[in-house]
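Residue numbering for the sequence shown follows the UniProt record's numbering, starting at 1 and increasing by one per position.
One thing to keep in mind: the hints can contain errors.
What the hints assert, rightly or not - Taking CB as the label site, the calculated pair distances span:
| id | residue 1 | residue 2 | range |
| --- | --- | --- | --- |
| 1 | D77 | A38 | 12 to 22 Å |
| 2 | R57 | N105 | 12 to 22 Å |
| 3 | F98 | Q53 | 15 to 25 Å |
| 4 | V91 | P13 | 13 to 23 Å |
| 5 | D77 | L12 | 29 to 39 Å |
Stated by the list, open to error - For lysine-lysine, the following BS3-like pairs were computed, each having C-alpha atoms within a straight-line distance of at most 25 Å:
| id | residue 1 | residue 2 |
| --- | --- | --- |
| 6 | K68 | K99 |
| 7 | K96 | K68 |
| 8 | K93 | K68 |
Simulated from the structure, these hints should not be mistaken for laboratory data.
Just so you know, even glycine gets a beta-carbon here, dropped at the ideal spot from N, CA and C.
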Amino acid sequence: MRRSDWAWKAFLPEGGDRNHVAAHVTGEAGPEPELPEAFPPAMVVVGGLDSLQDWQRRYAAMLQRKGKQVQLLELPDAIHSFYIFPELPDVGKLDKDFKTFIETNTPDH
1 MRRSDWAWKA
11 FLPEGGDRNH
21 VAAHVTGEAG
31 PEPELPEAFP
41 PAMVVVGGLD
51 SLQDWQRRYA
61 AMLQRKGKQV
71 QLLELPDAIH
81 SFYIFPELPD
91 VGKLDKDFKT
101 FIETNTPDH
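Throw the hints in and build the complete structure from the sequences for me.
Encoded structure:
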């Protein structure tokens, strides 16, 4: 928990806490953000064993409400930050799906 608290303090402006608007980009602490017309396609990856999965799904839902292109990739057995462990099987699936996402959403590809 100390490491998580440190990460929040390092990310947020001085004096900010977890209720700061920057920690709630989907509108929980105020209005939903304005997104530029040119907001790029996004891939949101949700691990089924990730304690932040509800936040990730809310982010994807907010992008959809804003009319942005979003691909939601659900990996039921994945933990938070699973992609830093290359030996986990879901890393191979993520790599494959991410490659396809980039190729599909890159002009002149």
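Here is how each hint holds up against the structure:
1. Checked against the given bound of 12 to 22 Å, the beta carbons of D77 and A38, roughly 35 Å apart, lie outside it.
2. Between R57 and N105 the CB atoms are about 21 Å apart, so this pair conforms to the stated range of 12 to 22 Å.
3. For F98 paired with Q53, a C-beta distance near 18 Å keeps the hint of 15 to 25 Å intact.
4. Range check, V91 to P13: about 34 Å between beta-carbon atoms, so the 13 to 23 Å window is missed.
5. The supplied range of 29 to 39 Å is met by D77 and L12, whose beta-carbon atoms lie about 31 Å from each other.
6. Taking the CA atoms of K68 and K99, the gap is about 20 Å. The hint holds against a cut of 25 Å.
7. The straight-line distance between the Cα atoms of K96 and K68 is roughly 23 Å, inside the 25 Å bound, and the hint therefore holds.
8. Our distance criterion of 25 Å between C-alpha atoms is met by K93 and K68, whose separation comes to about 24 Å.
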